[in-house]
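S.K.: Just need the whole structure built from these sequences, with the hints factored in.
Chains L and A are the protein sequences, given in the same order.
Counting in the working numbering, the first sequence runs from 1135 upward without gaps.
Counting in the working numbering, the second sequence runs from 2 upward without gaps.
Some clues are possibly wrong.
To be verified - A partial selection of chain A residues facing chain L, derived with a Cβ cut-off under 7 Å: (1) 151; (2) 712; (3) 767; (4) 782; (5) 807; (6) 819; (7) 820.
Said to hold, decoys possible - Keeping only pairs whose Cα atoms sit at most 20 Å apart, straight-line, the calculated EDC-like set for lysine to aspartate or glutamate is: (8) A:382 x A:306; (9) A:806 x L:1545; (10) L:1498 x A:780; (11) L:1430 x A:583; (12) A:66 x A:102; (13) L:1430 x L:1412; (14) A:760 x L:1434.
These are computed hints drawn from the structure, not numbers from a lab.
Ideal Cβ placement from N, Cα and C applies to all residues, glycine included.
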Amino acid sequence: MANYDLTPRIAPNLDRHLVFPLLEFLQERQLYPDQDILRAKLELLNQTNMVDYAMDIHRAFYHTEDVPQDMVDRRAEVVARLKALEEGASPLVSFLQNENAYQELRAEKQYNLQMLNERYQIGPEQIEALYQYAKFQFECGNYSGAADYLYLYRTLCTNSERSLSALWGKLAAEILMQNWDIALDELNRVKEIIDSKSFSSPLNQVQNRIWLMHWSLFIFFNHDNGRTQIIDLFNQDKYLNAIQTSAPHLLRYLATAFVVNKRRRPQFKDFIKVIQQEQYSYEDPITEFLACVYVKYDFDAAQQKMRECEEVILNDPFLGKRAEEGNFASVPLRDEFLENARLFIFETYCRIHQRIDMGVLAEKLNLNYEEAERWIVNLIRTSKLDAKIDSKTGTVLMEPNQPNVYEQLIDHTKALSGRTYKLVSQLLEHAQTQQAAR
Amino acid sequence: MASRFWTQGGDSETEEEESDYEQEDNEVPVEDINKAAKSKYLQGSDTESDDEDGQKRVVKSVKDKRFEEMTATIDQMKNAMKINDWVSLQESFDKINKQLEKVMRVNESDRVPNVYIKALVMLEDFLNQALANKEAKKKMSSSNAKALNSMKQKLKKNNKQYEEMINKYRENPEVEEEEDGDDDDEDGEEEDSEFEEDPSKLGMESDAEEDEDKEAGEDDANETGPGWEKMMSKKDKLMDKQFKDPSQITWDTVNKKFKEIVAARGRKGTGRIELVEQLTFLTRVAKTPAQKLEILFSVVSAQFDVNPSLNTHMPINVWKKCVQNLLTILDILTQYANIVVDDMVEPDENETQKGTDYNGAIRIWGNLVAFLERIDVEFFKSLQVIDPHTREYIERLRDEPTLAVLSQNVQEYLERAGDNKGAAKVALKRVELIYYKPQEVYDAMRKLAEQNEGGEGETDGEPKAVEESRAPPSFVATPEIVPRKPTFPESSRTLMDILVSLIYRSGDERTKARAMLCDIYHHALLDEFSTSRDLLLMSHLQDSIQHMDISTQILFNRAMAQLGLSAVRVGLIAEGHSCLCELYSAGRVKELLAQGVSQSRFHEKTPEQERMERRRQMPYHMHINLELLEAVHLICAMLLEVPNMAANSHDAKRKVISKTFRRLLEVSERQTFTGPPENVRDHVMAATRALRQGDYQKAFDVINSLDIWRLLRNKDSVLEMLRAKIKEEALRTYLFTYSSSYDSLSLDQLAKMFDLSDKQTHSIVSKMMITEELHASWDQPTRCMVFHDVEHTRLQALAFHLTEKLTVLAESNERAQESRIGGGGLENLPLRRRDGHDYAAAAAASGGTARWQDLSFSQGRHGTGGGRTGYNAGGRTYSGQAGGFSRDRTGQSRGVGRTYQTGSAARASQMDGSTRMVSLNRGAYA
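M.R.: What follows is the structure, encoded as structure tokens:
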């Protein structure tokens, strides 16, 4: 199943630290040999300052207790640098930690800067040092500290470029701390900046959007309201364009969101077209499933794909999230997906049939006969389906839903008289005021 | 024939010449002859007036008439001379000057007709004669003498303009007589007249040039070749005289001579080829590399000057020499890195004196990019002009690698020099050399380039050796540093990618757009439809292409055509059709793709337009096969249009996908007898007929019998795809056409009928059901489809029509009211509108509107009357009573839309009263 794994395509668009959860997940799923994953982790860590963690991994990887000398050296170096940075930022940090002093800050940045400069001798160097310190904290894996400092930095920062990168840092830190609500706020803030800012080249902007979408996957598939919001974000023209040009693999997540979403959206039809158009550049079972149901009307294949989808969902770090209830673990998204997918197939199938054999239907729905019957009865009872079951022949009979000609005619004309009356009354009023004006 | 008269100036002028000859021979009867000719001509036009030929002559004579007027004036002048009447002579002179202007305008040339020059010469002679004869002068009447004096001054002034031509005429009246007045040859003639001592050669030269103009494909290079050889030797001798002793040559002498030669450039009476030879000689005696470079630049520009006309190309051997010179320039530039080529600053007078040991930057004037572009243009032009079916064309094509290597070297040099803009321009030239080549052709070129190395070394070495032996060895030897052999990567795509990314980085807008189009074309050529489509869509070129130059537009059209072809090759019929249909909508494909001049029946092109169009033509080897294109377009249209027509059989005009196709179909249906198909159109029409009856096999056979398919690389797979598509569309057409005659139809039978698999059939039919094209549903246990009877009866259909019309009426009413009162209601009304006078006046002004309003008012009153019950009841539900319902609706809408209160009976009655009053008022005003 490793061929549907998107990690190699997603990882380049993420922050180093954000790749960790993905690797953890892969390790858990046992898709790749353990050794490979450990090596990948080690490489990842070599560029960060999380030296202690890297040492642990190293030990696990080589099954030794010794740690290479350069790691030890690096650790010392990191610690020293951390100290230096801390010192540089300390005046500002101590100021900010002082409740009373902190109260003096106002909404106006210029004022704050001036005030700091005059009263506390805190100039641009200290503020810059705060940023560096926060960044370093983040690289060391101290996300909460980094998030706090970055927040403070943003209240004082005047450079918009720096401010944006601080925002990115904050977003990453919040994601890693799994504060989904805050992360969502940050996400929207970053999005606003990206959309409003004028980039040096459109390409840059697209790249930023791609990053944003990748990062947002963490949030959307963990936040309660995420599945609606992912559609809102990804389905905007600008973002959809970005997906189509540079990151078609994101279509998987959008497709899943569409399937899982309860309310059928008007954009769904357009999305099917997008899938059709992008077939050449990206295909995976989930998009193929939609294509089978809505483009090719090939229900056997759709059912085949449905089975594959299950695998894909289980192995995807974002989709296959487990919900632990006691000692019973389930993947909520999988169940939901399957249920909805089944409904999709059935709905389309019913639209073009007037009589269906129950056995065939059960097979198409991946259910046994009894279950299928129960399922259909349920649908009929909740009046989702206008049909009857003929138990003697074992078939489902669809009620014809051809609209009556007379009804159609009445529909067409119903609005007309209303409109005319409205017209008349407007004219009357107009005349009346004329009268009054005279 | 007539049109040839019109477009080619030469013919009418030959007539003129004839009469000139006659004038020469015997002066006196000229007038008679002319008159006779004229009257004959007029007679002819009278008698043949209904004849087509005659009519055309009337048109033609505009130009002739001017000439005739002019000759008539000259005759008058002659007469005046005979009787020594200066007054009338002066008048005639003024007249002829006016006529001259007209003639020039009609001819669209800047060349003065010979007749005029002759007259001037004659006049001058006569004037001198008269002035010399003092006695006769004394005898003249006072008015005559006065006229003579003023004539003298006028003539002196006037003749100054034409001094050159007059002198030439005096020197050599014969030549002048023989030459056509064709503007293109003018410069050539001058050149020729330089070498009077060799008349035989002269004849040959002018012959060659004429051929070049007319036939444009003759082997002029070979013919003129020997001529140049001869001249060369002669000129060399001349030069050698000056530089007899190599030891005495200094930088100064060379520089002086160089300045002298350059100064002579462009001056009348300087032979262009001679100039090139002199300069080439100088390059050998140049003292410093910088000087050599400077002279080489002049050589190249002089070589470009050899062919003065825009329409003809540079002789091929000159072109080759020019390329060699440019390569030498690059050699020098690479060898001496401190020499900078620049066309912005005027370099120092003695900049080139600095020798090899000088360390600083030496600036030389020159523009490599412009030179390269010119070389490329000349190459392109030569391919345009040469007949593609000759060997010469192939020979010429073999020069392509030479051009490739030159541009490659120039690009490399520019990149080294940091001129990225220039490098991008040069890269574009390289892109344009390869973008239209499929991999096979590209490979062939690569092989040719490799072979050439061996072959070219020999052929090149020979003349060089000869040169070397003949001339003194050059002072500044330049070893061949830059490679003389182009390097091509394995696949054309790699090369394209490298070049195109360079251009995207640093090219200007036009360069980028062109590169993008070439890129799209090339992707499409390699069957990567989706990539090239994405490129096209992302670049937004289709929005901005209207504002670009014509050659870029042509490139865009070519890219679109290729895109359409590639879409069909990968099986995307609808996409292919949308790419191609625009090209075919106006029926000017040839013109749009610049693959031939199309003749329009409706408006004649001016010669200028025609010349422009000819200049834009694509060389033959770059053509997109038009037959294939047409076949692909029509087949796409057929596949889309046939089921569409079947679906909308009751109103055919409603939804038309391809107008072109419909028109062709109509034409072919109008024929009484249909013979076996001959051309592409006939084939597709025959296939269409078969397809409409659901006979997929016959339709495919007809399409298959087209022999253009052999032009496709993956012919078999494309045909297989077409076969599948035809089957599918046949099934759809069949269902559309005959579904009304069936109650149910089994899947198996359908599948068998169209030789499709069950799955495919099921999928196609399901799709039709979902989109509600077909009113039917599956009966799963019996595997058949059941048709629903949803066809409307005639009465029902009419009722639907009626409702549609009613809706339209209601909409137009609303719109009319909106424009009158303003959509927003009373609040938005401008003050003026509340004024009763104004309003009534406006209503009175347009009687029709007023009546209409009255009508609606009375309707309104009825409505209020009927609706009051519902209104009073205050029910806001959709009551069954029509009046109450609608009343309610209005009340509601007022409640929502405006802010004043609703639902009081009193108000309703008040309104009722007011209506009546309004209409009464209206009556009074009207």
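S.K.: Against this structure, judge whether each hint is valid.
M.R.: Hint check results:
no.	hint	result
1	151	violated, 73 Å
2	712	violated, 25 Å
3	767	holds, 4 Å
4	782	holds, 5 Å
5	807	holds, 6 Å
6	819	violated, 9 Å
7	820	violated, 13 Å
8	A:382 x A:306	holds, 15 Å
9	A:806 x L:1545	holds, 15 Å
10	L:1498 x A:780	holds, 16 Å
11	L:1430 x A:583	violated, 30 Å
12	A:66 x A:102	holds, 14 Å
13	L:1430 x L:1412	holds, 15 Å
14	A:760 x L:1434	holds, 9 Å
In terms of the numbered hints stated before, the structure departs from hints 1, 2, 6, 7, 11, listed from lowest to highest.
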